[in-house]
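Chains as they are written, first to last, in the UniProt record's numbering: chain A, 1 to 265; chain B, 1 to 290.
Be a bit skeptical, because a hint or two may be false.
Per label pair, the in silico range of CB-to-CB distance [said to hold, decoys possible]:
#, chain 1, residue 1, chain 2, residue 2, range
1, A, Ile17, B, Asn132, 18 to 24 Å
2, A, Asn42, B, Asn132, 21 to 27 Å
3, A, Glu157, B, Asp64, 55 to 61 Å
4, A, Arg171, B, Leu251, 47 to 53 Å
5, A, Glu157, B, Pro207, 35 to 41 Å
6, A, Arg182, B, Leu140, 53 to 59 Å
7, A, Trp131, B, Leu87, 43 to 49 Å
8, A, Leu167, B, Gln208, 48 to 54 Å
9, A, Leu70, B, Leu271, 30 to 36 Å
Derived coverage of chain B by chain A (criterion: at least 3 residues anywhere in the stretch with Cβ under 8 Å from a Cβ of chain A; other residues may be distant) [what the hints assert, rightly or not]:
#, segment
10, 30-37
11, 100-108
12, 112-120
13, 128-140
14, 228-235
15, 243-251
16, 261-272
Derived by calculation from the structure, the hints in this document are not laboratory data.
All C-beta atoms, glycine included, are put in the ideal place defined by N, C-alpha and C.
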Amino acid sequence: MHKNGFFSLLFHALFVIFIVAPLVVVMAMAFTSKGYLSLPTNGLSLRWFRALADNHEMLDAFGLSIKLGLASATIAALLAIPAALAISRYDFPGRGAVTGFLLSPLMIPSVVLGIAFLRFFSLAQIGGSFWALTLTHVIVVLPYALRLTLASTIGLERDIEHAALSLGASRWTAFYRVVLPRIRTGVVGGWMLAFIQSFDELTMTVFVATPGTTTLPVAMYNQISQTIDPLITAVSTVLIVGTLLLMLILDRMVGLDRVLIGEGK
Amino acid sequence: MARYDAERVGVAPWLLSGPALLVFIALLLAPLLLTAVLSLNLFSDTDGVVPSYSLGNYLEVFRDDYFHEIFLRTGGMALAVTVLCVLLGIPETIIIARMAPRWRSLFLLVVLGPLLISVVVRTLGWAILLGNNGLINDALQALGITEQPVKMLFTQVGVVIALTHVLVPFMVIAVWATLQRLDLQVEWAGLSLGASRLTVFRRIILPQIMPGVLSGSIIVFALAASAFATPAIIGGRRLKVVATAAYDEFLGTLNWPLGAAIAMLLLLANLIIILGCSKLAERRFKQVFE
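The shape of chain A in the complex, shown without the other chains:
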């Protein structure tokens, strides 16, 4: 392909500004010294980050979201590994249906999932607990874990595994020592993507979160729908920086292009 001309690069510059502007603005406003939303015109201040450190509501929500992400991503990965092996190794009747069913949360609007879970919990009377919330997140993030795990189990040769089995290894040993190390990148990448999806989930969670189980996105959403103050930009700045760090780790370990683009394959 030929090189980019002047107008292409101009378009590109404007596009990149469009993409980063809202994020940069949020981060800039977090460093204001004033009591209201404004750009830091007279020097950078950490006032709002100190205020955040004293805000128990946000800190509790942050802690809950971390725990929720860890639990739901781990459960999703544990369910996704055997399911991925089943789908990639056996040509069984119903294989397509199983795959479609396990990926289906991607096609269902989060609002619909939220309403369905709320109805389910109110009938079963198990709403409001951490584990109930965790299970809803498992449903939402499992497709991400499954897709990346599938990408590494499909096309995995089985010679070494067969060799291990014929040399007397138990099935568990063969899985743990031979198969798992070779699908590790897919499993770890899927786990991390699942964690991020759970950590960021708002729309479904807003329906099932109770005062005792308010996640960080829900707490932020509730705050923003009342008033936007510098505190919320400080929270957002912490999230943006945290996500960037996770992205770097993900890029080193699995390759971010593989996570974001190759995930469908």
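Position chain B against the provided structure of chain A, taking the given hints into account.
Same frame as chain A, but now just chain B:
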């Protein structure tokens, strides 16, 4: 662990996928079916959910102008977002593809990275930019383009801009995937045979990336039509879309059966768009490419 060394198909795949399937049947299929049943129930202000069955809620949605407006507005905004994502996403993806590998991976990160950042944070950025005292209005007034602030927050235009920002990475991903399979030599072939750059783009590049553009459009439209956080924050309470209307029925007026009916219609529309358009696109492009 099950017998996954057995080559013949037996119960092994079911044992392996069983745990995930059981969780999905209990916690996805059952809640969805219960919601479908709920949408057939009636609601009374005094008794709450009445366990009788009718299509009353659906008829109400179909008859009421209030809901017509919400569904039309949602569809219109989703369409506008899709068009904008096509117009912005295709050129940007091609520009990135033409860059040297170093720049290419950097800008791919810049453009796709926001996907991993919370939608609440990205929407907050637009709420700050679009407000009457926001940066865009400050800049417009400082440059003397307008005297009064232009109202963008709590308008459809504002929601469309913010949703385009949130969803354009999906278009880039879809176009990028097809662009990777494209043989770049054909562009040179076209040019050396005397075609103009525009002709080369229109007759050679565009037809080949069309499947990606279509699948990207389907994803963007479906996500825009069911978006919640961005229309809720940028659109405010009064500019309702289907998702926020369902939310209000559930957590505001507490008319659960009506909210469930809206949710079922949203789900149905979503599935028709995703599955229907994919089938259509597949059939059409089979003829072109095979």
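We went through each hint and held it up to the structure:
no. : hint                               : result
1   : Ile17(A) to Asn132(B): 18 to 24 Å  : 22 Å, holds
2   : Asn42(A) to Asn132(B): 21 to 27 Å  : 24 Å, holds
3   : Glu157(A) to Asp64(B): 55 to 61 Å  : 60 Å, holds
4   : Arg171(A) to Leu251(B): 47 to 53 Å : 49 Å, holds
5   : Glu157(A) to Pro207(B): 35 to 41 Å : 38 Å, holds
6   : Arg182(A) to Leu140(B): 53 to 59 Å : 57 Å, holds
7   : Trp131(A) to Leu87(B): 43 to 49 Å  : 46 Å, holds
8   : Leu167(A) to Gln208(B): 48 to 54 Å : 50 Å, holds
9   : Leu70(A) to Leu271(B): 30 to 36 Å  : 32 Å, holds
10  : 30-37                              : holds (count 5)
11  : 100-108                            : holds (count 3)
12  : 112-120                            : holds (count 9)
13  : 128-140                            : holds (count 3)
14  : 228-235                            : holds (count 4)
15  : 243-251                            : holds (count 5)
16  : 261-272                            : holds (count 6)
Going down the numbered hints, you'll see the structure goes against none, and every one checks out.
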